[in-house]
Structure formats: C-alpha cells, structure tokens
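Chains as they are written, first to last, in our numbering: chain A, 23 to 450; chain B, 23 to 450.
To be clear, the hints were calculated from the coordinates, so they are not data collected in a lab.
Possibly wrong hints are sitting among the right ones.
Identical chains share a label here; the pair holds if one copy fits it or two copies do between them.
Said to hold, decoys possible - The list that follows gives simulated cross-link-like pairs (lysine to aspartate or glutamate, EDC-like), each with its CA atoms no further than 16 Å apart: (1) Lys-364 / Asp-441; (2) Lys-111 / Glu-194; (3) Lys-48 / Asp-174; (4) Lys-48 / Asp-313; (5) Lys-43 / Asp-405; (6) Lys-43 / Asp-174; (7) Lys-43 / Glu-393; (8) Lys-111 / Glu-218; (9) Lys-419 / Asp-145; (10) Lys-380 / Asp-408; (11) Lys-386 / Asp-73; (12) Lys-119 / Glu-302; (13) Lys-419 / Glu-248; (14) Lys-364 / Asp-80; (15) Lys-43 / Asp-313; (16) Lys-119 / Asp-441.
There are 2 protein chains.
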Amino acid sequence: MSDPLRLGIAGLGTVGAGVVKIVRQKSVLLEARTGRGIAISAVSARNREKDRGVPLTDYGWEDDPVTLATRDDVDVFVELVGGSDGPAKAAVEAALKAGKDVVTANKALLAHHGQALAQLAEDNGCVLRFEAAVAGGIPVIKALTEGLAANDITRVMGVMNGTCNYILTRMESGGLSYAEAFAEADGLGFLEADPELDVGGIDAAHKLSLLSAIAYGTQVAFDAVELEGIGRVSIDDIRQASDMGYKIKLLGVCRMTGRGLEQSMSPCLVPASSPLGQLEGGTNMVVIEGDQVGQIVMRGAGAGEGPTASAVMGDVVDIARGTRVTTFGAPASRLVQATPAKAATPAPYYLRMSLADKPGALAKVASALGEAGVSIHRMRQYDHVDNAAPVLIVTHKTTRAALDAALDAIPATGVVQGDPVALRIEQV
Amino acid sequence: MSDPLRLGIAGLGTVGAGVVKIVRQKSVLLEARTGRGIAISAVSARNREKDRGVPLTDYGWEDDPVTLATRDDVDVFVELVGGSDGPAKAAVEAALKAGKDVVTANKALLAHHGQALAQLAEDNGCVLRFEAAVAGGIPVIKALTEGLAANDITRVMGVMNGTCNYILTRMESGGLSYAEAFAEADGLGFLEADPELDVGGIDAAHKLSLLSAIAYGTQVAFDAVELEGIGRVSIDDIRQASDMGYKIKLLGVCRMTGRGLEQSMSPCLVPASSPLGQLEGGTNMVVIEGDQVGQIVMRGAGAGEGPTASAVMGDVVDIARGTRVTTFGAPASRLVQATPAKAATPAPYYLRMSLADKPGALAKVASALGEAGVSIHRMRQYDHVDNAAPVLIVTHKTTRAALDAALDAIPATGVVQGDPVALRIEQV
C-alpha cells in the first residue's frame, strides 16, 4: 500500500467544504478505488472562525494560500479560492514551482493564464487538472481530453451557465421580462457577486475557451471569444422563437475552420426538440462532435456543492491512481496559437425589428438585406401598435459579415425604430 | 520521445478496420496528444484475402489470434473478435499472461469472465480496458470509473441496445407491429446473427452487468440480471403508454439496496419528457446517479465503425499516456460477490389485460390486486371488442413480489383472457 495522498485545500466556501466532507466520509470508498488513502494535511481560507459545517481541527491551518501550497506535507494543492489573479494565481504558481500537483475549479484563472500555467506544470513535472472548472459535475474535460482523444473534433457546443439558462427558462415558463427573471434569480442567490460574469456570458466564455484549447490543441484564447450576454433577449424573442420551433439558449460554440478558430458565446436559437432545446432550468449541457464518434451529449448539474466537489475529487482520484495527463491534452509547447476567426461559418439568423408605419417600409428592409446578400427564408409582420410593427425574419444561411453589412445599412432606410435584434440559429 | 506503442489487432470486421484507419490517418494527432507514436505491428482475422477497405500489407499477419497476442512486437493486444469464449478468450488470456495490455470491445467475454480476467490482468501487471464494450462511442466506462469515482453511485440506467430502441421507436412512429418493426430492422442489417442477443436483452444485459461491477465494486454478475426482452411489447402498449405520457424503452437499471444488488434489463415505461423518454432510434443513453453529482446523462451512438473505434482508441490513448486504472475501478481481489436481489425497490407498474364481458369482471380484478396489497392509481377500461375489453391499470408503488402475487391470483378470477402484460414504470 502506498502512502496516503495528502491534500492542501485553499478556499473553504461551499465547494471547499464539500471536498472536505467527501474526504472525511468516503475514506473507505476512495481507498478501495485508488489503492491508497487520501488525507487532508492543511487548509486555508480568509476567516478561520467561520463555521463551515465540517470539522477542521484535524488539519493544519494557513492564512496564506501560498504558504499552504508549498507545505512539505502537501502533495496536491486544491485551489478553490477563485479569481483570475491575486492569491489564487500566486498560490497555484507557488505550488507548481514547488513540484505539487494542482487541482482547481477556477475557470477564470485558466482562461486568462492557462497557457503559462500548463507550461509551468510541465516544466516542474506536475499535473494541473480542472474538471470542476467546466460544467460542474459533468466529467466533460475528461471525456474530451481522454475518452474522445482519437477524434478530430468538429464542433463543441455548451450551455454552461446555469443562471442564464434559469433566467431564459423562467422568462418562457413564467412569461417574465428579463428584468423580472433576473430579479428572481438574484433572490434565489444564483448570481455571482458581479452579475455580468453570468448574464454577460463571461463565466460561460471562460469555460468555452478551455474546451476549445483541448479540442483543437490551441493555446487558450479567451479574449478571442465573441461574447454577447443575454441582457437584450426579450420575452418577445423567446415567444417568437418558440412559435417557430426554437428555444433561445446562451450557447457557446467553437469550431476550427479554414479561416481559423471560431469561438462564440451568445444567445442562439436551437431546435426545441433537440437535447439543447429541451434543457431547462439550471442544468448544463455540453455537446461534443467528433469525426469518428459523431455527436456525444453530456448533461448534468453545472454548479453546487456536491457536483463541483465530485469533479474536484475526480481529479484527485486520478492523481492518486497515478494518472498523469497534460493540462490541455497535449504538451504545452505543442499548443499552437490559434488564428481567431469571427463566426464566419454561414448560419441562418433570426432578426426582430420594429418597423415604422410608413408605405413601403417592409420593402426597404428587404432591399437592404438583399443588397448585402442576405436572403429571407421566412418573414412575419404583426399589427402596428403605436405606429410600429414588429417584424420577424429568419434568413437563409449567411455569413455574419454579410448580416452585419445588412444591419449597418438598415438605419439609412429610415423605417426601423431602434436596433434590430439578430440571433444566430445554431443547427444541431 | 518514447518508443511507439505497438498494437496487435485481432478481428478485422467493421470496428477493426475502423481502428486501423484511425491509426493510419491520425498519426500526427495521436502523437501530439499522447507524446508517442502509435503503430500497428500485426493483425489477425479469419480471412486474409478479404478486402477491408484499408491496406494491411504494412503489418504482420497471424491466422491465430493467440499467436498475435503473444508476439514480441505487440505491446497492446486489441481484441475485436467477439464471443464470450473460444478464440477471443484464449487470446485475451494469452496476452495478459504474456504481460500485454488488452483493449477489447467484447461485452460478452467480460460479462462471463470479467472477474477472472481482471484478476489475471492485475496478476500480470497489465491493464484490461473495455470502453467500446458499453454504449459504443459514449465514454461512459471512463466517466463511471474515473470522473465520478468520488461518488457513491445510487443508480445506473441505460438504453444500450440501439436495435431494440430502433424497433420500439419505429413501432410508435410508424404504427408498426413488433413483427413488422423487427423485419425492418433485420432488413437494415441492425440485428445480430442471433437476434435474441438484441431483442432478448442479452447484449444490453452484458453491458449493464459491467456497469454494475464498476458502480458497486462487485464481481460481474451477468447471470443475476433479471432479463426480459421486448418481444411481448405490443403496439397497444406503446400507444397506451404514450397516451399516459410515457415511452417504453428496453431499460437497464442497477442499484444497490439493503437487500442486495438489483440488476434488471426489461421493457419499462419512462416519462416521455425525460431524456430517456426523448431518446429515439438507434442512439444509446446512460444515466448515472451519484450521491454527490446528482444525475449525469450521456448520450451518443451505441454502435457503428466510427463510434466503436473511437472508444477502442480512447483506451489505447490512455495506455499510450501511461494511465493504468484497474479493470473495474478497484483491485479485482477487493470486488465483492454481490447478493443478487430481485427488483424489490417498490415502483409503480403498468398493467394491460383483456377483460371478459361478464358482470363484475372489473371488480374481481380490482379485488385480486387489492388482496395482494397492490393499490390502483389509474385505471381505464375500453369498449368491448369480441367480448373482451382492454383494461389498463397504473398501480401505486408496489413491490414486484406483491405484483407477482396479484398476477398469480388473476387467472382464478376467470375474467381475464390470456396473460396480463406488466411493465415497471421507472421514475427518472
């Protein structure tokens, strides 16, 4: 029997406390499955006095996570502090430099510094694992990095922010406005301290950028994700989409094209009958498409104590078993810098605009679209209210560039009030 | 750079040819992801002359898979011969005894000899991996063995025979009888040479028994799976289930209870709106429920060249990366012999019977159920045709033992024609 694997856990919020509970309560199970004991040497958090519902007196305490990360009695540093910089980054760097393996749930850290940290891990013979950073309890990092490693990945899609999906689902099911659904989610404690991380799509884009790196062997390129939050999605859009057989989801999509790597996180229409369309509430879903395997769909809880702690401990179990896979599934030195491509793969788009009550208004809009090369697949105009009529258009497949040209030309028609809403229809 | 990992591939059917293609076409990708080359030393099949759509002249040839398995230039023996005994078993045993790692897609072999082979692998310091044996391209063995290893697994469910799901889906969508849908599947080449492997649920039960062993740390107990095929499911059942908001699936379920390990593979009703209920055609789905992670759903192609070869190569990639996990996720010597428990967890049941046109007939049936302790949740009686009326009953939760007692008592009422159909409603 090997010596026990000794953890140092930094950050004792919900997930940290969940990890401590699993280690305490499942020692027999974990030892049976890994062939060695898993122990906690020491922990670190901001407030030593706080009751976290789990006894901590058996463990050493460090006020500073950097000190924890480099303790001699720590084999694996578990980083649950959060934040792309500051103590989380300092402690992870210190751990790797000291030759400790690292398990983290920190998507922001890896989205911003993944390449440097992967290189640092390899330079020091360490592994850096982050299953809990993407889609909570769903073992999607493992599936993409390991199980599907013989595939050329053709597309990865994901609904990876439960709060946004909750808001969009509640708008539809409850007939709520965005503001009402947002307030409800806020009241339930679903929102990050900075809500823009959720509803602005940033949190989900962090996750997408990590999936892209694994899928395409590229350096993490979070800044290249085309990002649009859900704040402009209206109940009208949701109802109209539903009438046409679609649901609106904050959908991350990445694919490698001849022009470069497309990564987008934006509200999209997906068929209501597809697994993505059927996903309701706070659940997450990741869809991976490979040239050999076809389409794999994975669905589960994207957040919460148990699911996230399950993912953290999955990584710990791997390390206890001696599994050592590179951070992004290939040596850091071989990850290439991707050429970012604006979403250029042609797709149909959903457009909603408010048309002035003037003769020939619709014709002018149709002309503007046509002149930009955007052709119309379906169109509906509704009754005028207050001298404006809602118009819905579904285009044939078009490039985003052509669509943008059309949208740029529309104000000059003088017949459209406000900015049109344009959402991609992702074919799944 | 390490030496290349050298494969010996036995069995060159669809999947074997697919594996050869991947190794040939993806050498750069595989080398980038694993840090070493993957090569084929030699192959084996029954007919050397057959054109398999892929060049084989670069590789050694062995008529006997046992000889292939023990070649000095083979590091990993890939067994795609099939069958629970015979050459497949002999070759896998020979490979393990010779210290070769083994990757197999052979569910029958492992369902019948998994414990002995796992022990043999460990005694010889080898790994024995079988991702492709369960649910085709879905990396579910990896998810259960590794990603979710920190969970006590509360239930595993699966639709894991695409042919059965195709037949059931076609009965519903096309209004076909079982015989018609069976003939259609046969014409499309979906059925095994012995169709009972598919429609009798045996193939799917093989897979379930492997999932059970991993989930509960038990020795594979295929013989303890309560098995019922889809041959008695009628179009009436499918229609009636649909009317009540359910779909009928050949569903595998395993759970550990206080009385022992329940494993069943049988036609069950599941809510039409659930992921399992929405699964159509030949696609597979596995649902894993853990005490920490909640419910994880995985969906994908369960068969076919690309998906199965993807799973085989996922195992090969693991071995190339040096990952060494025990066959069933715990040392073979620690796998305990499970006490098989007949499905004793109370569940609601769907009953359909044909009631004679006699006064008080329905009351007699209701009494028989009541006396056995089975209470009725919903009941529908339809018009009499030819002096018999179809009666549908959904019971409240009851044990299978109580239900069986009621079914045993029903003939004595003298008012029911033929055998009642009884299907469990699995709550998902």
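Just pull the numbers of the violated hints for me, sorted ascending. Hints 1, 2, 5, 7, 8, 9, 11, 12, 13, 14 and 16 are the ones this structure does not satisfy, whereas the remaining hints hold.
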